[in-house]
Amino acid sequence: PCNYVAVKFSKYNSSIYVIFSISKRDSQAIDNRPKFVAANGECLIYNVVSMRWLILLNECSAFTGVQSSKTSAWCPTSAPDWWGARVRCAASQNWLPPPDPSPPPPAPLPPPSPPYARMCSCETITMTGAEHAQSHAMTTFKLVRPNAQLPEHAGRPVFVSAEGLYVYYWQGEKRWLVGNNSSDDAQYLRSQPAETAACPTLATGWEAHVGKGRFQLFPTRCECAPKYDEACACDTITVSSGTGSAAFLMGEYFKIHNPDLPAQRGKPVFINAGYHLYFWAELNEWLISDDYRSAFAYLRSTEANVHCPIQTKGWAMWNGTRWAQLSVTMSCSKSK
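Numbering-wise, the sequence shown is residues 328 to 663 according to my numbering.
Hints are all accurate, no fakes.
Pairwise CB distance ranges, derived in the manner of DEER restraints:
(1) Gly482 <-> Thr563: 39 to 49 Å
(2) Gly482 <-> Pro433: 22 to 32 Å
(3) Gly491 <-> Glu450: 12 to 22 Å
(4) Gly538 <-> Gly491: 20 to 30 Å
(5) Glu479 <-> Ile583: 39 to 49 Å
(6) Asn385 <-> Trp410: 17 to 27 Å
(7) Asp562 <-> Gly538: 38 to 48 Å
(8) Arg649 <-> Gly482: 43 to 53 Å
(9) Asn507 <-> Pro433: 41 to 51 Å
Here are the simulated BS3-like pairs of lysine-lysine, each with C-alpha atoms no more than 25 Å apart in a straight line:
(10) Lys640 <-> Lys661
(11) Lys582 <-> Lys661
(12) Lys362 <-> Lys335
(13) Lys397 <-> Lys335
(14) Lys469 <-> Lys582
(15) Lys501 <-> Lys539
(16) Lys469 <-> Lys501
(17) Lys640 <-> Lys582
(18) Lys362 <-> Lys397
No lab work stands behind these hints: they were computed from the structure. Where a beta carbon is used, it is the ideal one built from N, C-alpha and C, also for glycine.
Let's have the full structure, built from the sequences with the hints guiding it.
In structure tokens:
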């Protein structure tokens, strides 16, 4: 249906179209398909052998390299996949392309980050210091994703422990709480009221419930927990002692995996000839025993809440009747 064909050549990187008009004197000469000729001598024809529409120079004597894919289309504008050009119908010899559509409006800017995204970047937090009143709440809490964003949380994050406890902000009291459910104000621990802290690590004055509705101030700390590789970059821990009775526990302990059990709080397990070096959350201590899933141990650290066993300052060994202090040295090495 086209008497004129407009061609834009890709190699010229231009918006200018060359107009080809149908050649009346031999319009049916090439397999009943029309021939188009431009004012500059270029022509647009169908090649029966290659089954492609071609654009040629010098009155159809030299190939330009511009062609369609194989096709039986009767018109060049119906040919698919032109290589090196864009081909379309034109209304006349003086046809001009329509203006390019306006660019889409820029994407809207994201909403401003809530305060906690800038001031509370903790992925994991630890609660310590109130073991005598609320030992089950002295544990590790991980950031909840996605955050339910209840109105009562005032945009603050929510953290949850492996035991199902929550650390969350309560707008009604303007303080942070630790409880079984982040959707009410029942609590085991609470920070000082009216602080409006953006993060539980910024809250102060933590009180623990001691029974009968009474709360007592404890030296409770809420801290961002470092990633294990930052706090304890050990792949191998060498345990040594000058005490002969502990010789069977000495040697190199190799990191095997993180069992992701609540008792380990994300810390890895080390193994040496069937004995394990691991963290036990209920005691907040590092242990050496023959089963990392048990609190029964031959050796235990005497310092609580230590991220890495090489950081603990004291160890005790079970002698059959009691825990006896034992001089133990631990050193760390990392695989290269």
